[in-house]
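Student: Build out the structure end to end from the sequences listed, making use of the hints.
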Amino acid sequence: MFGLSARTTGHFSVVEAMAFSIVAFAGAAQFTAVGLVARGLGWPAIALFIALLNARHVLYSAALAPWFRGRSFLERAVAAHFLTDESFALSIAHFRRIGRFDGFGYWWAAIVTTLIPWNIATLAGALLGTAIVDPRALGIDVIFPAAMGGLAVGLITGRRELAGAIAGGLIGVGASLAWDPTIGVIAGGVAGPIVGLLVPTPAMGGAEGGERAS
Amino acid sequence: MTTDLVPLAFVMWAVTYPSRAIGLLNPAIDRLPKRVLSYLQLVGPAVLASLAAVNSVIATRDDGRSVFVVGLPLLAVLACIAIVAWRKSLFVGLIAAVLIAIGGRAAGLS
Chain H
1 MFGLSARTTG
11 HFSVVEAMAF
21 SIVAFAGAAQ
31 FTAVGLVARG
41 LGWPAIALFI
51 ALLNARHVLY
61 SAALAPWFRG
71 RSFLERAVAA
81 HFLTDESFAL
91 SIAHFRRIGR
101 FDGFGYWWAA
111 IVTTLIPWNI
121 ATLAGALLGT
131 AIVDPRALGI
141 DVIFPAAMGG
151 LAVGLITGRR
161 ELAGAIAGGL
171 IGVGASLAWD
181 PTIGVIAGGV
191 AGPIVGLLVP
201 TPAMGGAEGG
211 ERAS
Chain R
1 MTTDLVPLAF
11 VMWAVTYPSR
21 AIGLLNPAID
31 RLPKRVLSYL
41 QLVGPAVLAS
51 LAAVNSVIAT
61 RDDGRSVFVV
71 GLPLLAVLAC
81 IAIVAWRKSL
91 FVGLIAAVLI
101 AIGGRAAGLS
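The listed protein sequences derive, respectively, from chains H and R.
Residues 1 to 214, numbered by our numbering, are exactly what the first sequence covers, in order.
Residues 1 to 110, numbered by our numbering, are exactly what the second sequence covers, in order.
FYI, nobody ran anything at the bench for these hints, they're computed from the structure.
Treat the hints with care, since some could be wrong.
To give a feel for the contact side, a few chain H residues facing chain R, derived at Cβ under 8 Å [claimed, not checked]:
| no. | residue |
| --- | --- |
| 1 | Ser13 |
| 2 | Leu59 |
| 3 | Leu83 |
| 4 | Ala89 |
| 5 | Leu90 |
| 6 | Asp141 |
| 7 | Gly149 |
| 8 | Val153 |
| 9 | Glu161 |
| 10 | Ala165 |
| 11 | Leu198 |
Derived, one-sided and incomplete: chain H residues facing chain R with beta-carbon distance under 7 Å [stated by the list, open to error]:
| no. | residue |
| --- | --- |
| 12 | Val15 |
| 13 | Leu123 |
| 14 | Ile183 |
Heads up, the beta-carbon is just placed ideally off N, CA and C, and yes, glycines get one too.
Tutor: The following block contains the structure:
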């Protein structure tokens with residue numbers, strides 16, 4: 001789906017789409033970048049936005065750190081490149097299930113079930129995208145927003161995330177109507193979390209930040 | 001075949017890798033203020049929802065003005081969201097969204 005979206009929405013070449021999947025290797029951020037490129041946003045702004053979007057990896061990384069304790073610096077540095085929503089979810093569940101670090105479990109989750117399928121699918125989508133004359137007739141124009149919505153749902157783990165997502169969407173639409181869709185997207189992404197933070201959590205009362213990505 | 005956006009892939013890696021590595025390479029990450037960590041956790045859902053909403057209900061007219069549009073894209077996106085929430089499958093959700101768009105347009109809707 002990313003390959004198709006990159007080709008039809010962002011007008012990426014196959015090489016550019018593959019570079020995103022191999023080098024950046026950041027699913028949701030890649031979709032986001034396609035949308036921002038398509039809207040003509042400058043690279044510094046895209047970089048800032050991607051950094052903000054992927055900042056959640058700080059939480060994943062922190063949650064995995066205890067399991068990687070004692071592993072070599074090189075292994076931890078390489079493992080970080082392959083840390084995605086999917087590899088985190090699969091590996092941390094595996095570590096917790098067996099009660100210890102398992103290198104094979106991490107690399108299997110990161111490479112076999114995530115990196116390889118993601119890149120094969122990107123290539124297939126990017127190649128297929130060149131043959132499509134009218135993306136709207138095939139419903140391809142809805143892939144990008146639908147993927148964004150679906151990925152957002154996958155990240156909602158509590159009331160704060162839900163409130164942040166709803167606020168992000170509403171603020172994004174409002175700011176788009178008032179100014180410009182690009183400003184709208186940024187406004188929603190930056191202000192939505194502030195609204196989410198206003199929502200009390202069940203553990204509130206000294207542990208407001210206690211809900212970790214783990 | 002253009003390669004203009006290839007450097008952007010490296011820029012994306014450069015701004016993503018630190019957040020992936022900071023915890024694994026420096027366990028002192030836990031010292032960040034909890035409020036900051038909470039904010040970072042909410043950025044993902046908010047920005048993705050913002051992108052989904054803006055790209056499904058906002059259209060740009062020829063004069064450059066943005067207008068609110070309720071149509072097939074919104075229906076398709078809502079269906080995808082519902083399916084992902086229900087079945088936990090983004091792939092199935094995307095297939096459903098595409099089928100709704102194809103069917104709707106074949107029926108003359110926009």
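Student: Now tell me if each hint is right for this structure.
Tutor: Structure-based check of all given hints:
The interface hint given for H/Ser13 is met, as the beta carbon of that residue sits about 5 Å from the closest beta carbon of chain R, less than 8 Å. Proximity of H/Leu59 to chain R holds as hinted, the smallest CB-CB distance being about 6 Å (cut-off 8 Å). Look at H/Leu83: its Cβ gets to within about 4 Å of chain R, closer than 8 Å, so that hint holds up. Given the 8 Å rule on beta carbons, the hint for H/Ala89 is violated: about 11 Å separates it from the nearest Cβ of chain R.
For H/Leu90, the interface hint is violated, since its Cβ never comes within 8 Å of a Cβ in chain R; the closest pair sits about 14 Å apart. Nearest Cβ of chain R to the Cβ of H/Asp141: about 7 Å, under the 8 Å cut. The hint holds. Because the closest C-beta pair between H/Gly149 and chain R is about 4 Å apart, less than 8 Å, the hint holds. For H/Val153, the shortest C-beta to C-beta distance to chain R is roughly 4 Å, which falls under 8 Å, so the interface hint holds.
With 8 Å as the threshold, the beta carbon of H/Glu161 comes within range of chain R, its nearest partner Cβ sitting at about 5 Å, so the hint holds. Interface restraint check: H/Ala165 against chain R, minimum CB-CB distance 4 Å, threshold 8 Å, status holds. Taking 8 Å as the C-beta contact cut-off toward chain R, the hint placing H/Leu198 at the interface is violated, the least distance being around 11 Å. Satisfaction of the interface hint for H/Val15 is found here, the shortest Cβ-Cβ separation to chain R being roughly 5 Å, below the 7 Å cut-off.
The closest approach between the C-beta of H/Leu123 and any C-beta of chain R is roughly 14 Å, which is over the 7 Å cut-off, so the hint fails. A least Cβ separation of about 10 Å between H/Ile183 and chain R goes past the 7 Å threshold, and the interface hint is therefore violated.
When each numbered hint is compared with the structure, violations occur for hints 4, 5, 11, 13, 14.
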